[in-house]
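Read left to right, the sequence shown gives residues -25 to -1, 1 to 320 (mature numbering (1 follows the signal peptide of the UniProt record, and there is no 0)).
Keep in mind the hints are simulated off the structure, nothing from the lab. Heads up, some of the hints might be wrong.
Derived pair list, reagent style DSS-like, types lysine-lysine, alpha-carbon separation capped at 27 Å [claimed, not checked]:
1. K80 - K280
2. K18 - K133
3. K170 - K133
4. K280 - K318
5. K280 - K25
6. K83 - K222
7. K83 - K170
8. K133 - K317
9. K317 - K126
10. K280 - K83
11. K18 - K83
12. K257 - K317
13. K318 - K257
14. K318 - K76
15. K126 - K318
16. K25 - K76
17. K25 - K126
So the derived label-pair ranges between C-beta atoms look like this [unchecked claim]:
18. Y221 - I145: 25 to 31 Å
19. T140 - K80: 36 to 42 Å
20. T213 - P7: 39 to 45 Å
21. K76 - A5: 32 to 38 Å
22. I145 - T8: 49 to 55 Å
23. A106 - S199: 36 to 42 Å
24. R59 - G248: 30 to 36 Å
25. Q91 - D224: 40 to 46 Å
26. L207 - L167: 49 to 55 Å
27. Q91 - Y125: 43 to 49 Å
28. V165 - A205: 32 to 38 Å
We treat Cβ as the ideally placed atom computed from N, Cα and C, and that holds for glycine.
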Amino acid sequence: MNRMAGSRLILLYFALCFFAPSLDASEGDADPTYMACLEQCEKSGCVGEKCFQHCKFSSDGKPIDGPWYLQEPLYQKWKQWDCRSDCRYHCMVAREDERRKLGGKPVKYHGKWPFQRVYAIQEPAAVAFSAICLALQFHGWITFFILLNYKLPLRPDKEPYYEYTGLWHIYAVLAMNFWFWSAVCHSRDVELTEKVDYSSAVALIGFSFILTILRALNVRDEASRVLVAAPLIAFVTTHILYLNFYKLDFGLNMIVCVAMGIAQLVIWGVWAGVTRHPSRWKVWLFNVGGILALVLEIYDFPPYKGFLDAHALWHAANIPLAYLCWSFVRDDAEFRTLTLLKKIN
């Protein structure tokens, strides 16, 4: 099942790590018309009839009314749109309108497709789907908790019989953390949100890998679990520190994430092939769904009506996968609990 967790994240990260790296080498931002618009906007503070207060400069090059973030109402400062960001967006919109009238196809600007903002949100569809995934992760976690503590028998010390309870609780927290930051990053992609988003994904993939090994190999002894987890935790932590404090290397990050994801797919595929677990079919179904979702990332296409692109659909594909994932976890908890009770009795 964690193959489900990992699969989803290999996909997730294959997407986030591979298709978002090159931010300044796209066809759109090399377009002479766009470049001229951007240059003029940063000098005049206007694109056509639309002008931006934080693009007004004095003769010495400083904003007339102080820094741009002091010129906006407090409730608007969260979006961090500055002069360059607004100029880029509105020049892109103007250029894409011209291109559409001439029968041209959309192109990328600074590594991203031309999306339509909604209340200052850069990619509204991806944000909405991320929020739904977050809600499903929370729902899955709560139903898992209720099953263990109120529906299944408990040990004399009132603890669940299921040996992987704590690990799945950690997974739930990491998964909800990831989807939260995914929504934030797609709302406003700046260096900070990008780093936190990528770090959260790496943490989730890394822990999913650990959980995959422990569950597939049925590792229950605490000392053995530490031996398995310690080197992987050290590796994941080092990688996250490298991305945040040395170099945000998208290529290296893609390799690391995809390698861990593929390893999980292989482990869970072998496990599903040899086990007699009654819900092993859900593992296979999740694998198939994960592969199909990955196709959406490979088949990259511009956003329909400026909103729905392949990556947004990939987020949507994770909605049923999240439900399937927690469905397997609940089944696994019941299966392991009943198995242990039979041995005791």
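- Range agreement (Cβ of G248 with Cβ of R59, hint 30 to 36 Å): 53 Å, violated
- Verify the proposed pairing of K83 with K222, using a straight-line Cα cut of 27 Å. Distance ~24 Å between K83 and K222 Cα, so the pair holds.
- For the range 43 to 49 Å, tell me whether the beta carbons of Q91 and Y125 fit it or not. Check passed, 46 Å falls within 43 to 49 Å.
- Given the hint that K80 pairs with K280, does the C-alpha gap stay at or below 27 Å? Holds - the C-alpha atoms of K280 and K80 are around 12 Å apart, at most 27 Å.
- Regarding the pair K25 and K76, is the alpha-carbon distance no greater than 27 Å? 20 Å, holds
- Message: K18 and K83 were given as a pair; does the straight-line alpha-carbon distance stay at or below 27 Å?
- Response: 24 Å, holds
- Could you see if the CB distance from A106 to S199 stays within 36 to 42 Å? Given a distance of about 38 Å, which is inside 36 to 42 Å, the answer is holds.
- Message: Verify the CB-CB distance for V165 and A205 against the hinted window 32 to 38 Å.
- Response: With Cβ atoms ~34 Å apart, the hint holds.
- In this structure, is the beta-carbon distance linking Q91 and D224 contained in 40 to 46 Å? Given a distance of about 31 Å, which is not inside 40 to 46 Å, the answer is violated.
- When you take the CB atoms of T213 and P7, is the distance between them in 39 to 45 Å? 44 Å, holds
- Going straight from one Cα to the other, do K25 and K126 come out at no more than 27 Å? Since the Cα atoms of K25 and K126 sit roughly 60 Å apart, the hinted pair is violated (cutoff 27 Å).
- Message: Check the hint pairing K133 with K317 against an upper bound of 27 Å on the C-alpha distance.
- Response: 18 Å, holds
In this structure, the hints that do not hold are numbers 2, 3, 4, 14, 17, 19, 21, 24, 25 and 26, in rising order.
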